[in-house]
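Chains as they are written, first to last, in this note's numbering: chain A, 1 to 426; chain B, 1 to 130.
Hints in this document: simulated from the structure, not taken from any laboratory.
All values reported here derive from a predicted model rather than from experimental measurement.
By construction, the Cβ of each residue, glycine as well, lies at the ideal position given by its N, Cα and C atoms.
Any given hint might turn out to be false.
Pairwise CB distance ranges (calculated) [unchecked claim]: (1) B:I38 to A:C236: 42 to 52 Å; (2) B:D107 to A:K5: 54 to 64 Å; (3) A:K258 to B:I112: 57 to 67 Å; (4) B:N94 to A:S179: 26 to 36 Å; (5) B:I38 to A:I241: 15 to 25 Å; (6) B:Q95 to A:K411: 30 to 40 Å; (7) B:I112 to A:P298: 33 to 43 Å; (8) B:K108 to A:N248: 41 to 51 Å.
Covered stretches of chain A, as calculated for chain B (at least 3 residues, CB under 8 Å) [to be verified]: (9) 53 to 63; (10) 90 to 96; (11) 339 to 350.
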Amino acid sequence: MLYSKNKIALVDCNSFYVSCERLFNPSIIKKPVIVLSSNDGCIISRSTEAKVLDIKMGEPYFKVEKIVKKNDVKVFSSNYSLYGDISRRVMKTLKQFSPQIEIYSIDEAFLDLSSIKDEDLLKHGNKIRKTVLKWTGIPTSIGIATTKTLSKAANYVAKKEKSGIVNLINSKQTDEILSKININDVWGVGRQLTKFYIKNGIKTAYQLKNMHDSWIKKNTNVFGSRTVMELKGIPCTSLEIYQEKRKNCCVSRSFGRKVTKLEELDESITTHCLNAAEKIRSDNQTTKRITVFIRTSPFQKDKNYYANSKDIDLPVRTNDSIELVKQALIALKYIYRKGYKYQKAGIIFSGLNDADVYKKNLFSSINSEEKRKRLMKAIDYTNIKYGRHALSIAQAGLRKKWNIKRQHSSKIDTACFDFLPTAKIA
Amino acid sequence: MKLLLPFHLHKVGAGFPSPATDYVEDDIDLNAHLIKNIPSTFLIRVQGKSMNIIGIHDDDLLVVDRSLNPKNFSTVIANVNEELVVKNFVKEKNQSFLTSGSKKLKDKINLIENPEICIWGVVTYVIHAL
């Protein structure tokens, strides 16, 4: 009986956002469907039927509008609250099959299958796919191999197979499969490295795997070597099972239309600041530094282009919305210039740390701090109970004219009573 | 979506302490009662007419578990004519049918003759406001 030590499965949801939209809308099953990025800018998810129409990933929507009209492609604005809830369900389902799981992105996870016998891997993988599909309605593809990089490669091929699953453990086809994978599709090989490898005649994963160690070491960095080792079947990265708390928190949005006035930028920065503060409070963290940034469209001609950012180091670490908004607006005032058409604004909290470990400042008064903490708790509780932005601070504005475009949203949210999916009685 | 109701075992007061205090006192959890399998359970709102025979009305909430297989007379959500609809699942002589609860024959859909129709999930509870 063969028993490989390291067995890793990469489970990837097929056209995840499209699959989420299809789950509650049977009328778009088997039809070409695309999902747009926030602000309805670019294409970020496509059904197989849309891929056939030569609609490319990441392409701006306006470029494909003709194809969309001609072929009656169904278009959706991204609905992240829905995708987030379905993603949690998929991940919870996967945990039933292996408690050792690394959630790699909203629609991908690495699973440690080392306890499964080699000859049972395919059967087990198929059971995972079947269960995820039945429980959550989301189709997946699975790649199984001895390293993360190889399982990514296996998954890449599995997506194109009807079976939806490829197992490279004890497989004689590994080299054949690797030679079908273009160098730019290898996990960990970015744009720059791709250019470099192609210049040196390395066009496929198979060619990269067979490069000499010394050449790789001489010409790339430690990450480059890792990728090659992992292609050879030597594990270099383990699963990151425990999610580390974030060190930064960024909230930014493009505007639905161009914004010129400081008051409108104030509103948007305040809203982003409140969102970010709520996020770090939910992780029981505080921030040391705020960065505010604004910019016009990068396609503006030189004279009309403007981008700037401002950092503020806080005297005392905090997660207090009121204090953070105050500081953020000071930073914004500092970088705001009249006469530009702004397209994007955002805020970054950095140097995040656990709220419990912060040191008292000489100037901080304990009494008012406790009161503020209670106020923040009350705000978060109210917003969880009555919906986002039920309780806010006045600077955030009420109308939010600048808010993002979501013209094609399905408006379904499986985790909110007001927007539940519906079924008819017929 | 949390729904927790306080569940008191005894009143606080002087005198003989309740013998029940040795037992763990916890809030009653309606979620735990209604949802057996969290990742596969969805809440779906009913739209349109009512299905009086089974006691489902317009605007009710249905607790739907996708992980279950329908049994005879299960209430199910099915994908019929590009729509999600509430139906009754009935088995007769090794054949499965969907009905709308009425006895009219034309409402009976044979699942083997209509392979494009699939069961979306099994309804486990109806939440109806009075």
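Each hint, compared with the structure:
no.: 1; hint: B:I38 to A:C236: 42 to 52 Å; verdict: violated, 35 Å
no.: 2; hint: B:D107 to A:K5: 54 to 64 Å; verdict: holds, 58 Å
no.: 3; hint: A:K258 to B:I112: 57 to 67 Å; verdict: holds, 58 Å
no.: 4; hint: B:N94 to A:S179: 26 to 36 Å; verdict: violated, 50 Å
no.: 5; hint: B:I38 to A:I241: 15 to 25 Å; verdict: holds, 20 Å
no.: 6; hint: B:Q95 to A:K411: 30 to 40 Å; verdict: holds, 39 Å
no.: 7; hint: B:I112 to A:P298: 33 to 43 Å; verdict: violated, 58 Å
no.: 8; hint: B:K108 to A:N248: 41 to 51 Å; verdict: violated, 59 Å
no.: 9; hint: 53 to 63; verdict: violated (count 0)
no.: 10; hint: 90 to 96; verdict: holds (count 3)
no.: 11; hint: 339 to 350; verdict: violated (count 0)
Hints 1, 4, 7, 8, 9, 11 from the list above are not met by this structure, while the remaining hints are.
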